[in-house]
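Engineer: Each chain, letter by letter, is given below.
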Amino acid sequence: MLTNNDKITIPQTVALLITTILATGILALPRNVANAAGSDGWLLVLLAGVISYFSSLIVGALVKRFPGDTFIEYSQKVLGKFPGYILGFILILYFIFVSAMSVRVFSEVMNAFMLINTPRGFIIITMLLSSVYLIRHGIEPIARIGEILLPILIIPIFAMYLTALPRADFSELLPFFDTPVKDLAISTIHTAYNFLGFEILLMIGPYMRSPERVMWTLLFSIGFITLTYLFIVVIVFASIGVEDSRILLWPAMSIIRTIMAPGGVFERLDALALALWTIASFTTINGMYYSGTLAAAHLMGAREFKFFVTIFFPWVYLFSIIPGNPLDTMRWTQISGMAGIVIAIIIPAIILVISIVAKKGGKTS
Amino acid sequence: MNLSYRFFQKIFFPVVLLFATAFVAGCWDYRDIDRRFFVGSVAIDKGPQPGKYNISFLIPIVRAIAGGEGGGGGGGGGGGGEKPVVVESTTAETIIEGARNVALRLNRDLFFEHMRIVLIGEEVAREGLEPFINPFMRQTEFNRRSRIAIAVGEAKKVMEVRPVVEKLPAAYMESLYGNATHSGKFVAGDLGDFLHQIHAFNGNALVSKITPDSSEVNIGGGAVIKHFKLAGWLSEEETQGVNFFLGKITGGSVTIDNSRGKCTFVILNAQRSLQLTADGPVPEFQLKVNVTGNVSETSEGLSMDTRNEEIIEILVSEKIRSEILKGLARLQDDYRVDVIRLGEFLHKYYPRLWKNYKDRWEDIFSDVKISVSVTTDIQNIGVSK
Chain B
19 MLTNNDKITI PQTVALLITT ILATGILALP RNVANAAGSD GWLLVLLAGV ISYFSSLIVG
79 ALVKRFPGDT FIEYSQKVLG KFPGYILGFI LILYFIFVSA MSVRVFSEVM NAFMLINTPR
139 GFIIITMLLS SVYLIRHGIE PIARIGEILL PILIIPIFAM YLTALPRADF SELLPFFDTP
199 VKDLAISTIH TAYNFLGFEI LLMIGPYMRS PERVMWTLLF SIGFITLTYL FIVVIVFASI
259 GVEDSRILLW PAMSIIRTIM APGGVFERLD ALALALWTIA SFTTINGMYY SGTLAAAHLM
319 GAREFKFFVT IFFPWVYLFS IIPGNPLDTM RWTQISGMAG IVIAIIIPAI ILVISIVAKK
379 GGKTS
Chain W
96 MNLSYRFFQK IFFPVVLLFA TAFVAGCWDY RDIDRRFFVG SVAIDKGPQP GKYNISFLIP
156 IVRAIAGGEG GGGGGGGGGG GEKPVVVEST TAETIIEGAR NVALRLNRDL FFEHMRIVLI
216 GEEVAREGLE PFINPFMRQT EFNRRSRIAI AVGEAKKVME VRPVVEKLPA AYMESLYGNA
276 THSGKFVAGD LGDFLHQIHA FNGNALVSKI TPDSSEVNIG GGAVIKHFKL AGWLSEEETQ
336 GVNFFLGKIT GGSVTIDNSR GKCTFVILNA QRSLQLTADG PVPEFQLKVN VTGNVSETSE
396 GLSMDTRNEE IIEILVSEKI RSEILKGLAR LQDDYRVDVI RLGEFLHKYY PRLWKNYKDR
456 WEDIFSDVKI SVSVTTDIQN IGVSK
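So the protein sequences, as listed, match chains B and W.
Just so you know, we're using the numbering used here here: the first sequence kicks off at 19 and counts up by one.
Just so you know, we're using the numbering used here here: the second sequence kicks off at 96 and counts up by one.
So here's chain W without its partners, still in its complex pose (with noise of 0.2 angstroms):
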């Protein structure tokens, strides 16, 4: 054999296989589970001074959860008295540096992959989003499927909330955002929706809001985004309204009450269709939303028949219009913000036409006229006439 062959045989295999045996066992990357904590929140609050955050953490101990779990029996009685939860906060100027300071004070690592929310306080909000959302984007230990929620008041106080239906309470206010199938009065969306609108919108977003109590959450309603600002919020009511026009509805419930007695209405689906209408100095468009649900409830009296199904389809509609509408003046009136994507519908539909809106569509846009019309199906009824 030739020369390279032997230097092959003789040398270089064993020198790869000492490398292999000295490398491949260990790891650079290796992490023990027991030396992480697992982040379940974020919450970023205004700081002592301008340009400072408090920046806090939501970490479960798994100690805890686990001897809790166990009942009685295990743990030598160790679980009962502890907290599932701690909330560590810090001042920083950023969320990386803030994790950074926590390790001062704790002797875990702070592992981001399995946090279920972000919460933003009400105050930092108004001041402007974009100097800590970038993480977000740029770490991929952030998961894009994450929640994003504007707290009423400040972010801390969400965290602080221990629910009693649940143990840990990142875990229940990410599962509170899997109830779109039962309401349809809360902006559901991840961090993945939220980067992408304010990417796609030049900061303007719709955003979960969430009300803190003293053992529950509420995350009806909604923020709105306004070049990163929080310009406002949107009632549960405006929210359904909004959810109806984006064609985000997939339940929820309406109720009419009119002199013949009550009904409630639950929501199945609804298709929505949009129209450029008119494309002036001032385009107007046309909203079509087809709902279809059941009749749940009634009061007690009111018989099904042909003539009330048609009443109750009226009326159901009229209330869905009126949600619309009350949406819709919200944000063109009040806050003077497109975040029901009225500016994207152009550009993907009319790139001619957006392009002599584009500049001055921050003015145009509140002006913009939209004829709602909404029909109803009653799909079923029930057991009873």
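The shape of chain B in the complex, shown without the other chains (with noise of 0.2 angstroms):
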């Protein structure tokens, strides 16, 4: 019952899954690690990433198992008509829940650090039509904007952190694991929170070329964002230490400011990593509102997706203007993070643990 009959190649689906994790929240990143677990920080994104590599295979087995069916089909398939419909709603609610929270932290950060009295809700709205534009076209579209924003956003990236390199202090990653473990293990989870992104395999899986190969897609996307990770982590905390890290609301964010290239060419980096983030924001928000509208046609049975876009932008609006500061959003972000593990980790555990048991599904079938 595929509803558009593109589909994406591997690489596409790489470019896709990247940019979809890659958000906004790596720019806290470095105070949530660095509260969590001082100058071990770093270990925690290595490990998260890690564990989220293991837990996304869990995705990828079921988009092995069930070739052609999206989550709203197989849970179905699985559960049974009911709990099916149920959990598809869960999950329509919860990608429009993350495309709201992504829009809603891309604002605050425009907020702190560049328009200063530009309204919120103006950000917000402005972001949204031009993602609304782009969805309405398809995963197709989507997945070559992936591909095309992946380069364009990561070459600068990392170019843009290298500059900090001078000043920076590496003995600031000192004390090497001093954190007791117990506490390590907790911090791990939230720390994979910003791993989160994956599960929109849940509904685009069917729609890629070759889903057998989806394992290594996966080790592939993840690896990458790990590294991404661990280089910002390193980087910011190198740059402006630990305890700083802690204070500040964004400190990736913050730490633009103290570089200064060699020479001075660059000096004011601003602009350029609002740009980039406004890149890693756009490119989130597709993939999420994506797959939210996906499920939805899927759930109604509805020939056409395009109609759900246009419905669900007044929900997203309106979720995003939900917390009231800074501090809120932060707040919602943790809830989003831990609805995020139950919906790409807990619940397609179950499915995949019953399809086995109960032998549903397969390649063959």
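Rather than coming from a laboratory, the hints here were simulated on the basis of the structure.
Among the hints, a few may not be true.
[Unchecked claim] Using 30 angstroms as the maximum straight-line C-alpha spacing, the simulated DSSO-like pairs for lysine-lysine come out as follows: (1) Lys377/B x Lys25/B; (2) Lys200/B x Lys450/W; (3) Lys383/W x Lys357/W; (4) Lys383/W x Lys421/W; (5) Lys453/W x Lys200/B; (6) Lys357/W x Lys421/W; (7) Lys324/W x Lys480/W; (8) Lys200/B x Lys443/W; (9) Lys378/B x Lys25/B.
What you are looking at is a predicted structure, and each value in this text was computed from that prediction instead of being measured.
Put the two chains together into one complex, using the hints given.
Structural biologist: What follows is the structure, encoded as structure tokens:
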């Protein structure tokens, strides 16, 4: 029951996954890991990356087991009509909520660093409108945009943070392994929130041209994200120190303002940085929003998903203006992170186990 | 086509276009450059009542600067008599409030993005910095790259210095801090470093000292901050010693004087290594400093040969060693505050050991034994024997 016959290639899937996972959450990541584990924060990123990869294999296994089906279909096949329906509804709600939170965090960063007086609603609506415009054209353009924007996003991010190297003091990463193992384990789960985004495979899995290579796709995407996160956390710690990372709301953004490239050629990289985070947020919203509308279309059995793009627009906006201030936003993103763990790991795991036990699905069926 | 598509074509898209034409052209954050004052420096002094501060802003007048640089030709004779900078002072409880107060008198917005230096008056610093340093962290408009210095006496006096060599005092003061390759007798660090020290070391920091004169300022020496309060000053020599200890020397000079004559040794580079040698109730450290540099000036008649070279190396090492010890003695005995990052060293490299010292570190620090050894290598002697 594919509503759109377009299929995406493996490189496109990788690009889509990376750009969806990479969001403005990365700006706050150094603070979160510094608060959780101090100078061992970078270790947390590494652990969370490994754990996220293994968790994402559950989603990958489902994609392989039910080729041609989305979460909506196989949850109904495996759990029965009614529970599947409920889960589908929760999934839609989750995707809409995550889109709302991504656009909200984006507007928050914009308000703090560049557009101080611009009304938040305006930033959110313009961002959502451009997203809506793209999403209406289906998965293939979204994936292609991801493919085009990925190098535009990644290369400048690395280049920009590399200019912080001359001032960096890597002894800030010491002491090594000073955090109790129990604390590390708990905080790893929280850090794993930043790796969420691979759950869009629940919806876009059947659109992959070669779903049998989904494991490699996941390995490459999450490995790449882990390296990027690790790089940024290490650079931030080394440039402003662990203690300042604990205090600043978006340390990865604040250090941009301390960077002065050799020779003073690039003295002010704020504009570049914000342009990059605009791209990062845009692609994240695309992935999440699209998955949400796709889920709705599949759940309602509609022939067209475009209708739902328009319908969800006000809802994304309304969700995004729930938090009152940045502190509230942080609390809500924590909630969406916890929900994400349930949606992306726990529920797929249950479905996978039941489908194996009950011998439902599988390639041959 | 279905309804949704028609809706998109006929209604949604035109509305978006209208929306864009109306809003994209203008912007809420649009500010003309001629509607702003680019604050060059902020000074904080003690106010008339406790809890109040005298906040001063150093504001360059762009019109006057442009007129002056154009020479006699342009401007119709307008630029000549105008002062390039003005100092605006106000009494307020915080810096931000001060900036808002000034809005009653100045027609333009104060803009801090290009601020070069923060000046803090001696008296205020002795009372404590914590009530007013937070905006430098919280507000994105303050640049972490600007400098910070504690002024001897009133900070406003520093602002009122009109340097002869440069037109803009703020730019002049900031560029002084770029002289680390010429001298090691000042504390080179910016607001970011300062905030880092304050947050990482429990309110202890080593900050630059600035002394105003009639037409110059002097940034030699250092200010020791203990628990957000100014504990005292370091002399230029002591500051150089502490800089040697911290491994921050990238230039400077040492002059030695003995019976044979004088010799000025210009430092090119200094490597240091710090080691923990004993970890009893009071830790002991060993500091090794290796200095390389040039012999730049000697008394007439003092020719360089292997023997003299060795003597000079030994004497320079002795001199540097005594500077380091002087700096350490001042910090350990007089101020009893660890701004030489020994605690940080222990925390980073001996985390388990640090846990024993952590709570009593302030008492332990002044008893810590540090043995210092300095070696010197002469690299160049110029082109005279």
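Engineer: Each hint: holds or not?
Structural biologist: Here's how the hints hold up against the structure:
For a cut-off of 30 angstroms, the pair hint linking Lys377/B to Lys25/B stands: about 28 angstroms separates their Cα positions. Restraint check for Lys200/B and Lys450/W: satisfied, since their Cα atoms lie roughly 19 angstroms apart, inside the 30 angstroms limit. A C-alpha spacing of about 26 angstroms is found between Lys383/W and Lys357/W, which places the hinted pair at or below 30 angstroms, so the restraint holds. Note on Lys383/W and Lys421/W: the hinted pairing holds, with a Cα-Cα distance of about 16 angstroms set against a maximum of 30 angstroms.
For the given pair, Lys453/W sits about 23 angstroms from Lys200/B by alpha-carbon distance, which is consistent with the 30 angstroms threshold. For a cut-off of 30 angstroms, the pair hint linking Lys357/W to Lys421/W stands: about 22 angstroms separates their Cα positions. For the suggested pair Lys324/W and Lys480/W, the alpha carbons sit about 51 angstroms apart, so the restraint of at most 30 angstroms is broken. About 21 angstroms separates the Cα atoms of Lys200/B and Lys443/W, which keeps this hinted pair within 30 angstroms; it holds.
Distance hint between Lys378/B and Lys25/B is fulfilled; the C-alpha atoms sit about 25 angstroms from each other, no more than 30 angstroms.
In summary, the structure is inconsistent with hint 7 from the numbered list given earlier, while agreeing with all the others.
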